[in-house]
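> Using the hints, put the two standalone chains together into the complex.
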Amino acid sequence: MPKMWNVYESFQALLEAGPYHLAFEGFLLVWVIWLLVAAKSRPRPIKLTKKEEEQLLAEWTPEPLLSSAPDPEHPALNTRTVKGKLGHYVDLGSGPLLNLASHDYLRFSEHEGIETAALECLHQYGVGSCGPRGFYGTTEVHLALEQRLAEFFQCESCVLYSYGFSTMASAIPAYAKSGDVIFADEAVSFCIQRGLQASRSRIVYFRHNDSGHLQQLLEQQAIIDSKNPKKANATRRFLVVEGLYMNTGNICRLPELVELRHKYKLRLFIDESCAFGTLGPHGRGALDHFNIPMSEVDLIMGSLEYGGGSTGGFAAGTSFVVEHQRLNGLGYVFSASLPPLLAAAAKQMLEILEAEAKDLVPTLQHRASQLHSGLAVALPAKMCVSGSVISPIKHVAFKPSSGLTVKQQESALHRIVQEVEQRGVAVVVASLLRSKEVCPPPPSIRLVVNVRLTDAEITTAITAVADACAAVIEAEAL
Amino acid sequence: MKAEDIINRINLIEKKAPLNGCLLPHNKTKFTPSGPKHNSTSNSFISSVKPDCSKLKGLEVSSVPYVDKHAEELRGEDIPLHVAFFTFLSYGVLLLVGYIKEFFSPPSSKERHREDYVPLFVGFESFYFRNVYRPISDCFCRPICGVPGERMTVLERTSHNNNWDHVLTGRKIDSINVGSYNYLGFAEKTGPCHDAAARAISSLGVAVASARTEMGTLEIHHELEALTAEFVGTEDAITFGMGFATNALNLPSLMGPGCLVLSDECNHASLILGLRLSGATVKVFRHNDCNDLERRIRRAIIDGHPRTRRPWKKVFIIVEGIYSMEGSICNLPRLIEIKKKYKAYLYVDEAHSIGALGPRGRGVVDYHNCDPKDVDILMGTFTKSFAAAGGYIAGSKALIQHLRMSSDAQHYASAMAPAVAQQIITSMSIIMGKDGTDEGQRRLRALKRNIAYFRKHMENRGFLLFGDPDSPVMPLLGLPKGPLSFLVRELSNRGVASVGVGFPATKITGARMRFCLSAGHDKQSLDEVLKHLNELGDVLCCKYNKHKGRADLQIEW
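Taken in sequence, the protein lines are chains C and W.
Note that my numbering numbers the first sequence so that position 150 is 150, with each residue one more than the last.
When you read off a place in the second sequence, starting at 1, and then add 478, the result is the number in my numbering.
Just so you know, the hints here were simulated from the structure itself, not pulled from any lab data.
Everything numeric in this text was worked out from a predicted model, so none of it was measured.
Some clues are possibly wrong.
Okay, derived cross-link-like pairs now, PhoX-like style, lysine-lysine, Cα gap no bigger than 20 Å in a straight line [claimed, not checked]: (1) W:761 - W:821; (2) W:819 - C:51; (3) W:821 - C:51; (4) C:50 - W:579; (5) W:667 - C:50.
Derived list of chain W stretches under chain C, where covered just means 3 residues or more per stretch with a C-beta under 8 Å from a C-beta of chain C [as the list claims (entries may be wrong)]: (6) 614–624; (7) 659–672; (8) 679–687; (9) 750–763; (10) 785–791; (11) 836–845.
Don't be surprised by glycine CBs; every beta carbon is placed ideally from N, CA and C.
Chain W on its own, in the form it takes in the complex (with noise of 0.2 Å):
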């Protein structure tokens, strides 16, 4: 490969990932020129070929450059076909054995004071649970005591009864976190966010009892609405006690009977309740696929409602900042572009994108560097960089005028306690720097850093993650289901807190790990985590990057 193309690559690299310094290739005769300047004698470099990386930490391996097969090809990979068959193959001896033990022994469905009653349950549903989903239920939530920090206790539980109900042993475990949405690291409990909220506590009392249009707003609440349409940039925005309820409450008061309704086929859950609940005529596109939804909107324009042939009244187009299962970030410039094309109106979901992404820690739209007033709503939720609770949506000032108006939560559902509101604001001014320090902007970097960091130690190491380079969450495809709740035990007996995804959560063949980084992480955190992966990566035999065995990888801390 020639020097020049390889430093153009390196260049847009540099570019996509602006991460002062975290990705070099190591030889300096070629590029000490094109790159942030390194000390090569430093501490800050680790080889991520041996297993155990602690012990080479300072050690210099000269190598060959590291060229990154950027974003589109790695997100082009794909499980492999073998992998697809036993994660078939598995849920299918799974289903038979089931379907033969619940022959012989059927579960008692007699329910005490309800004979002759139809079944509460019947289906599919419950025999999943109980054949597919009980005997791995540890996996999932696992209690915690304290704060969901960078490091969290978790509370060991065991079970006598095959996992039908599970005891704490008192046994605690301390665990680095990769399973928290904490990426901002404000899960804290010292520190300025946590001051004002014992402050917000004792001055305006634990909650408030009474609904927005009655008599729950007080002057916290539109402090935080002023505060939030100054970070996101738009002239107002509403707030709501709950994030979820944010999307299933409000979509109704937008769209109705006779909207069509664009919608990612990820969207998450909250999203399509609140379409359900709306009414409006639903098209699914592909993932993050602007060219099928550019297809399925001009095709819908034209062709008109398909049973009352009337054109659309309204159309909507509606995605996710970043996905919290794909870790993909949607393509908001070209986004932008179809929904001035076609007249639609385009809502962002970015309950996981705010605060994590963009050079500012503004969402999306700060990371594509778009224009906040093109996106006409813009949704978002408080529960992940802010570490509070609550949802928000911003828009133009008419907007939010008619959502004070007809939105359910505000009409019927109580305000927002004051400590998460004031959790809220104080976090938020730390991020824009109105408290007077760069803290904001050092956290920024840090989540950005240990991202850069972690996933690139992982591609090296042959994992295959999938999403967006820039994303702090980072799904790990290719695990069945066994596999996967083995992953999900070990690491948490190694003192590693993670996540495991399944079907029907995804796709059969898309059961997952996933890691949600923080700022708060170290290195050494981080090390300890690429490093009991790597072993149990070897011992699952789970990695599957085509681009394994780039051995020579250089990264700086």
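Only chain C is shown next, with the shape it has when bound in the complex (with noise of 0.2 Å):
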């Protein structure tokens, strides 16, 4: 019986070991058993058959595409319409009102000779490009003009986009990924705050022009970055600012900026779009302005749709830095580029600002003074104008202390802005998104003053503006 002999010397070995190797043996024993069971315990995908899933198909019923039926009183509904050219002088259906609304600060929207080299550009190239850079959407028009925007600004080189929006929505995740930290003043622009959102990056908002709230946090994050120096190491910071906030009319104190650049070690971003052609000596904005070399900042992004009176925009730095955005920069790479005659446009606008600015810029400043001073003394006490006096972007908003609530204070301000029609002027409501901005600005007129602004002009406006503030608050008792 050689089987049986078999398991009788097995059990005989087993018997011979030692009590180690019987508890090894057991434990092991166990284990399987408890794999076995704990296999067995564990949730199982729950299989469901056919007419369950139907009935779960069809039981399933999604939201409505559209989660309210839009508000027919909504005043992005009821935009007013131009007839014509947005001039100088604009005709909304009842005449030419003098028009402080649109971003046209040196009224280059108007200037023949721009005019011309569209014209010219159009006769030669046609108006869309049919393509992106990549392919064959390059024009010699579109290089000439990043060549100039580089000389403009005493960079080594630029990139250019065919919107200004994207610009800055898109160089800023060029460079900023998941893992960097980005420190933003709260005020910054809607298409910033685009741009910090598709970075991925962890965003960092300091106060409004407050260099000491950012000192804070700033040195709240060397603590973070002193208990992890291995993390800190690969963690890139950035500072993005603008030079002159579209949203409140300020002008950034980038002398500060610049100093906690240097002792934290970070790299400065600042959208000039609306500081472009109204600050500095030479117009090139709050750099210029501050008199601070360009190699102080990584980037300077801009749109050349304000000042510029163009179309694009454009990003502007060491060639190390920018042309990094050429691959990377998903509104540049994968966008038709700019129609070569609005290149054209800004190219001769550069050429026509470059021998102006020095006239220009100081009139500019001079006119916002004027309108500062005058709207800060004529207006009703509940209202004030913000922003600084040189700045070419005014806000008339209600005073904190007036106690309105936001919609309120909205219907007020169309009202104001139906009343100051009246008396010859068209200005508007700075247009926000509110649910989606980061830190909602109160709602305000925004005012924007131009190069070409007389006396009269805006004695007339501060007037206007002033009357239909008296009035309204009067007629609605608020």
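Pasting the structure below:
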């Protein structure tokens, strides 16, 4: 009986083995049993029958495509239509009104030289470029404009985008990635906010124009970094600000920021969209205004749609930094290039700005301060004008002490706009997507000063705005 | 093969591509009754076999009829294994050489004025740029001067430092343009579009320095939106100054967290960015595979949100009309069926298809003869067929009103420049025949004819063309990086401006040449392109089409 013998032998061997061995084998046995039991007790994916599946599918009712029916009274559905050109005077259907609404600080949209340049380009290039920059969408005009912009900003290199909004929204995420930290002013414009969001970095907002607060936040970051130096060595730190804030009309405190940049090794990205053509002796923006060399910032971004009187945007800096966007700036790589005629218009605009900035910028700033001081005196007590004195962007809003809700303020401001219009001036309530903004500024009427305003026109504007405000406050008993 | 069988097949082809007789079997005795009439002695026949077809114009080669193995079969064809192997090998060698090179001489990452900073660029991206992209960077971003029409002037560039910088030599190469998205040939510097645009500049200025919701709405914008809605066949439409931004900035207004999006794997970067900004959950389905889509959408609705276990708020299907890299056309009827069955919303990006597809040029909806109301959100761009810039979204009145209230671009971006808007209005009116001529129809017919002509000839010569037979975008696959750059450079020297695309825009093995045809191309230019391609294809041995050898194809122009 060899088989029995084998079993007997094994049993003998088992008995001869030491207690440790037995304990070990016992443990293994228990473990195997546990594994089998535990594996069974794990939740199995529930298999639904075909019928149940169909029932679930039939039961599921989606929300409607639009959460609520659009409100026909919404201001965005009742925008006014400009008849003819959006020039120094506009026609909204009731005769010419003085235009204090469009961001055309230097009135380049009506400059004949620029129009001629655009027309000449049209005769040579047609309208569209029919391709992205990579695939035959790069024309001589684009290259020339990029070079001129780089020269203008005294930078090595510049890339051109075809849409102002997408410039900031693409340039920031080209560098900042998840794991990085971005410090940003809470009043930055919405396109920057979109760029910050797209970067997936950690965003730290500091109080508007408050470098003290920024320093506090930077100190906090330094403490976090000192705890984990290895991670800190891989964390890029960015500082994103605007030269002149669209949302508040304030000029940023660049010298303080530059100091902080040095101290905390930040990469400073500055959006000069509104400052372009309005600040600095050469019209180069906030850097020029404070006489700070270009090497102090890492990237200058800007839109050509405001002071530039064209379309599109640009990002300028050292070649090392900027050229990266040619492969990584989403809005640059994947979008059709700027129509050549608009690039030609922008190029001509630069020529004019370079030649005439020394007259244009001081005139503009003079007009801005005239309007500012006039309004400060003339506005009713419940309202105020904010923004830097020399800034061409003025926000007329209710004082926080007025105690009105945002909704009340908005409807009053829209009434005021209508009243101002009847007094011969076109202004607009700053249009905001309040629910999407990170830190929405209070509702305001945004007045835009331009270089062609005369003393008489400024007086008209001040009287119109102040009277309209007073009339509405009185009529609505606010 | 039985005659009946062949006739049936031919009929099928004719039905698929109703191309006023561009594709015809030559054997007269058998086929004249089934196809459009043709004149066998006219000059309009060419043979496609011989490399130099211009010499053979007018020759008649009698032959066995050409039977097309149609769409499904061709699409199923893949690049041969050995090509894939060598593609991987070439990338492997490139990377290896790059690593060895950078081991011995590391790139200087020192920035002036930024000592001790965390490096701005790290990792594979910049390594790839230095070692893989840079050596062939001369194949991209070639500058041109003049209109990107069917012929254009490319400015020659050269580099004195291994492609780190490019300088213009001053030489201008007159080239045939098969790279621009000028499908209907509206990129013109003369003609009605140009004149209208010039008038718009004079009367309305160059640009509008205000947002649409502030002071930037001109009458021309209303006109444009009304015309777009009429063209697309919806209640209303909204327009934006940039096509990329139309997707990227409007998707967040339509969907948010708790929504599910089924997105085609080949969707454009703008859609992907928009989805990322929206915060919706995204599931990707296989390119143009409606069965995969249905499986996923079914599973997803049954399972609900994977984390919260709650049902989805809304489900969206996002596809493109023509995929710009693949040349494929989406299967809209099937998508509409799935959308209705599963109560999803359908978003179709018609960036390339609007204008270029359909008997009336009204995009993929027109092409499949569907009802535009079945597509919830119709998006498209004006860059391509209309030779302008910008994009639109069309749909129900309520949808467009919602976008007017909540779209980022309406509130924060400047309005579209008048000249651009005018170019779209004029070109769209021409396509619609509102100018009182049949110029629009003529362009549409010419584009169709060119597509069929070029594709048949390419395939007949043994090239492996991907995409749908009716698509104006034709990718040529099976080219590793080396041959691809050689082909782009050599074609360029011979006066053919074409586009090569490679990794990372495509899969590693998916590097491709892309040809975009235009209504403006004439037979002579296409023949010239074909001639050069044929010669270079022989040199590069890149004719992988299994149907190669149908030497006897007859194609009528």
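> Hint by hint, note whether the structure agrees.
Structure-based check of all given hints:
1. A hinted pair counts as satisfied when its Cα atoms are at most 20 Å apart, and residue 761 (chain W) with residue 821 (chain W) qualifies at roughly 17 Å.
2. With a C-alpha separation of about 16 Å, the suggested pairing of residue 819 (chain W) with residue 51 (chain C) holds against the 20 Å cut-off.
3. For the proposed pair residue 821 (chain W) and residue 51 (chain C), the alpha carbon gap of about 18 Å is at most 20 Å, so the pair holds.
4. With a C-alpha separation of about 60 Å, the suggested pair residue 50 (chain C) and residue 579 (chain W) falls outside the 20 Å cut-off, and the hint is violated.
5. For a cut-off of 20 Å, the pair hint linking residue 667 (chain W) to residue 50 (chain C) is broken: about 62 Å separates their Cα positions.
6. For the stretch 614–624 of chain W, the stated coverage by chain C holds: 7 residues have a C-beta nearer than 8 Å to a C-beta of that chain, and at least 3 were required.
7. Closer than 8 Å: that is the beta-carbon criterion, and the stretch 659–672 of chain W has 8 residues meeting it against chain C, so the requirement of 3 holds.
8. By the rule of at least three residues with a Cβ nearer than 8 Å to a Cβ of chain C, the coverage given for the stretch 679–687 of chain W holds, with 9 such residues.
9. Counting residues of the stretch 750–763 of chain W whose C-beta sits closer than 8 Å to any C-beta of chain C gives 3, which meets the bar of three, so the coverage hint holds.
10. A count of 3 residues in the stretch 785–791 of chain W with a Cβ less than 8 Å from any Cβ of chain C is obtained; the coverage claim is therefore met, three being the minimum.
11. Counting residues of the stretch 836–845 of chain W whose beta carbon lies closer than 8 Å to any beta carbon of chain C gives 0, which falls below the threshold of three, so the coverage claim is violated.
Consistency note: the structure conflicts with the earlier hints numbered 4, 5 and 11.
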